[in-house]
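Visitor: Here the protein sequences come in this chain order: D and Z.
Residues 1 to 136, numbered by my numbering, are exactly what the first sequence covers, in order.
Residues 137 to 590, numbered by my numbering, are exactly what the second sequence covers, in order.
What the hints contain is simulated information worked out from the structure, not anything from laboratory work.
Note that this is a predicted model, so its numbers are computed, not measured.
A couple of the hints might just be wrong.
Residues of chain Z placed beyond 12 Å of chain D at every Cβ, according to the derived structure [stated by the list, open to error]:
#	residue
1	Met232
2	Pro283
3	Gly379
4	Pro403
5	Gly409
6	Asn445
7	Ala461
8	Arg470
9	Gly515
10	Arg518
11	Arg525
Capping the alpha-carbon separation at 25 Å, the derived lysine to any residue pairs in SDA-like fashion look like this [what the hints assert, rightly or not]:
#	chain 1	residue 1	chain 2	residue 2
12	Z	Lys534	Z	Pro403
13	D	Lys80	Z	Ile343
14	Z	Lys456	Z	Lys207
15	Z	Lys534	Z	Glu549
16	D	Lys2	D	Glu82
17	D	Lys29	D	Met70
18	D	Lys133	Z	Pro460
19	Z	Lys384	Z	Ala522
20	Z	Lys384	D	Arg34
21	Z	Lys434	Z	Leu510
22	Z	Lys457	D	Arg34
23	D	Lys133	Z	Ile343
24	D	Lys80	Z	Arg306
25	D	Lys80	Z	Gly418
26	Z	Lys384	D	Ile37
27	Z	Lys457	Z	Lys207
28	D	Lys80	Z	Lys207
29	D	Lys114	Z	Gly512
30	D	Lys80	Z	Thr376
31	Z	Lys534	Z	His267
32	D	Lys80	D	Ser67
33	D	Lys133	D	Val122
34	Z	Lys318	Z	Ile343
35	Z	Lys318	D	Leu129
36	D	Lys80	Z	Ile516
37	Z	Lys456	D	Thr100
38	Z	Lys207	Z	Pro403
39	D	Lys133	Z	Ala545
40	Z	Lys534	D	Gly102
Don't be surprised by glycine CBs; every beta carbon is placed ideally from N, CA and C.
The residues making up each chain are set out below.
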Amino acid sequence: MKEKYVLEYTEDVVDEPIIYSLIKHFDIKVNILRAEISPGHEGSMLVEIESTPERIEEAKAFLSERSVSMTPIAQSLGFKAEECIHCGACTAACFSGCLTIGAPDWTLHVDRSKCTACGLCVPACPLGLFTLKFGN
Amino acid sequence: MIVTNYDMHAGRRVKTLYRDLSIAPHILYSYATLARALCGARWPPRTAPKRTALQGLLGLTEVGRLKMVHKTYDEINDRIARGEAVVLTAEEVARMGEELSPAEIARKVDVVTTATFGAMCSSGCFINFGHPEPGIRMESITLNEVPVFGGLAAVDAYIGATEVSPNNPRYGGAHLIEALVKGDRLVLEARGKGTDCYPRRTVRAEISKETVNEVTMVNPRNAYQNYPAATNSSSRILYTYMGMLLPKFGNVTYSTSGELSPLLNDPELRTIGVGTRVFLAGAQGFVTWNGTQFNTEKPRNEWGLPLGNARTLMLTGDVKKMDPAFLKAAYFERYGVTLFVGVGIPIPVLDEDLARRVSISNRQIETTICDYALDGHPGITRASYAELRSGALTLHGKRVRTAPLSSLAKAREIAELLKVQVASGSFPLAPPAQALPAHAVVRGLQPSGSGGLE
């Protein structure tokens, strides 16, 4: 299985080679899509992880021991769908294919699996309906 | 325009056309029907075939005029009263236009509903708070800390949609208007110098649409007839009223409902003028004047449709009767506060000319794509709404994503609602009391200094 997660590091572990451990000890394929980490501070990383469900569970436990939270990207991107007016302004900014609008219904479609946590939808929405939990 | 006569040789050609179209040869067909038959799958052509060229192709000896379809407002209102009127949305008629001629559409369809739901900055409302005892001549007024214009009589004010709170640049007049429509309470604070007739100097009160006398929306410029699309050639993100424009032609944004847009379905404003009843944010409002920046002189394409922002409407309606589903406050990043307004206008199909106008499709409506990175936002190319609505177009040899800024889903909701209202007789149609200007140009402003751009 292949899924995107946001890893949130506390400042205590920010200089540990966490990703190396995931690859070396759990045989997990890791693709780093976005990272914001500076030594001495908290950090965030968007990774795509590919492995068996069992290995991913083991990795989660390993990360949890080190106080690294692992949140599926679907939960990091907040969207107040019921307030959306389907103007499409967010689709101008979203280049990952997560937010799309078009025929036949011209309502906004949100495919969280395609989100790359770029955060551009947050300022692009004229109604301020998006939030992204990534850093800050 | 109807084919009335043809010679023996041309007769075969026309009969073949009739057979291809599966239509009976004893019926006379319009120029558009025959032109479409000639063009085949290439319909509609980028350039309309000349009548003489068509005549030549068919070998016709005569192309003449037959009695045109003509309906009056009274006849259409009678049909509505009898429950016989055919009311369709402009999108439905655009599809019908691919099959039927304008003459056939004029016979079949009585009213076409149009709509748009987009950000319209030039919006606002007059409000009368009522007099406290003793009275105050309100000179400096805020609602929820947002300044409102008080340069009117003692307790009158104008809430401008784009005015913002000094404490929160994301909250402004548009939010006040939305709150009033919803029935929410707002905090009014006003100061005056105190006069012999109005001795009070300050007042603070909670108001809502239930407590005030009138709240009347008066929007100086709404429902733009077409609007240029936007792109960005620079190497940084531009934050504009046309949304976020990504660097190096990263996207193109556009903001009209195309074939559903009110003023694109009656481009010469034959049925829309002073006194025309409109759907305004859920209430029935009226066109009160031409909108500001009203422009009849924009370049047009071969279908007679302007290639950029042309005519506009000043609209008025009762805020107390509006529906929050059709009005929404918004904030465009680093630009400011604005108001999404839902506008719908029914167009009576009085004759073939209007039938042809209302049946235009997104392939025929074009706009100019402007580069917002350059001074004056020069146009770089033009594109049809069919291309813009396809999700991507080619710009400088590169595939560029396109994105709308006005809600087609909401516009469709309005057009459908309006269809029901018109057909039920609750939205009567009437000719304009006065036509909007036949000729008007837009002037720029000549600054006297460098204006802080140095």
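Visitor: Between Lys457/Z and Arg34/D, is the straight-line Cα distance small enough, at 25 Å or below?
Guide: With a Cα-Cα distance of about 49 Å, the restraint between Lys457/Z and Arg34/D is violated, given a limit of 25 Å.
Visitor: Next pair to validate is Lys384/Z with Ile37/D; report whether the Cα-Cα distance is within 25 Å.
Guide: The given pair, whose Cα atoms are some 28 Å apart, is violated under the 25 Å limit.
Visitor: Are the Cα atoms of Lys456/Z and Lys207/Z separated by 25 Å or less?
Guide: Distance ~35 Å between Lys456/Z and Lys207/Z Cα, so the pair is violated.
Visitor: Check the hint pairing Lys80/D with Ile516/Z against an upper bound of 25 Å on the C-alpha distance.
Guide: Outside the cut-off at roughly 37 Å; violated.
Visitor: So Arg470/Z supposedly isn't at the interface. Is its beta-carbon more than 12 Å from every beta-carbon in chain D?
Guide: violated, 8 Å
Visitor: For the pair supplied as a hint, Lys534/Z and Glu549/Z, confirm whether the alpha-carbon distance does not exceed 25 Å.
Guide: Not OK: Lys534/Z and Glu549/Z at ~35 Å, beyond 25 Å, violated.
Visitor: Given the proposed pairing of Lys80/D with Ser67/D, does the C-alpha separation stay at or below 25 Å?
Guide: violated, 29 Å
Visitor: Straight-line Cα separation of Lys133/D and Ile343/Z no greater than 25 Å?
Guide: The given pair, whose Cα atoms are some 38 Å apart, is violated under the 25 Å limit.
Visitor: Hey, Lys80/D versus Ile343/Z, does the alpha-carbon distance stay inside 25 Å?
Guide: violated, 29 Å
Visitor: Would the non-interface assignment of Gly515/Z survive a Cβ cutoff of 12 Å against chain D?
Guide: At roughly 19 Å from the nearest Cβ of chain D, Gly515/Z sits farther out than 12 Å, so the non-interface label holds.
Visitor: Decide if the proposed pair is consistent with the structure: Lys534/Z and Pro403/Z, CA atoms, cutoff 25 Å inclusive.
Guide: violated, 33 Å
Visitor: Hint check: Lys534/Z vs His267/Z, CA-CA at most 25 Å. Holds or violated?
Guide: violated, 62 Å
Comparing the model with each earlier hint shows violations of hints 3, 7, 8, 11, 12, 13, 14, 15, 16, 18, 22, 23, 26, 27, 28, 29, 31, 32, 36, 37 and 39; every other hint is respected.
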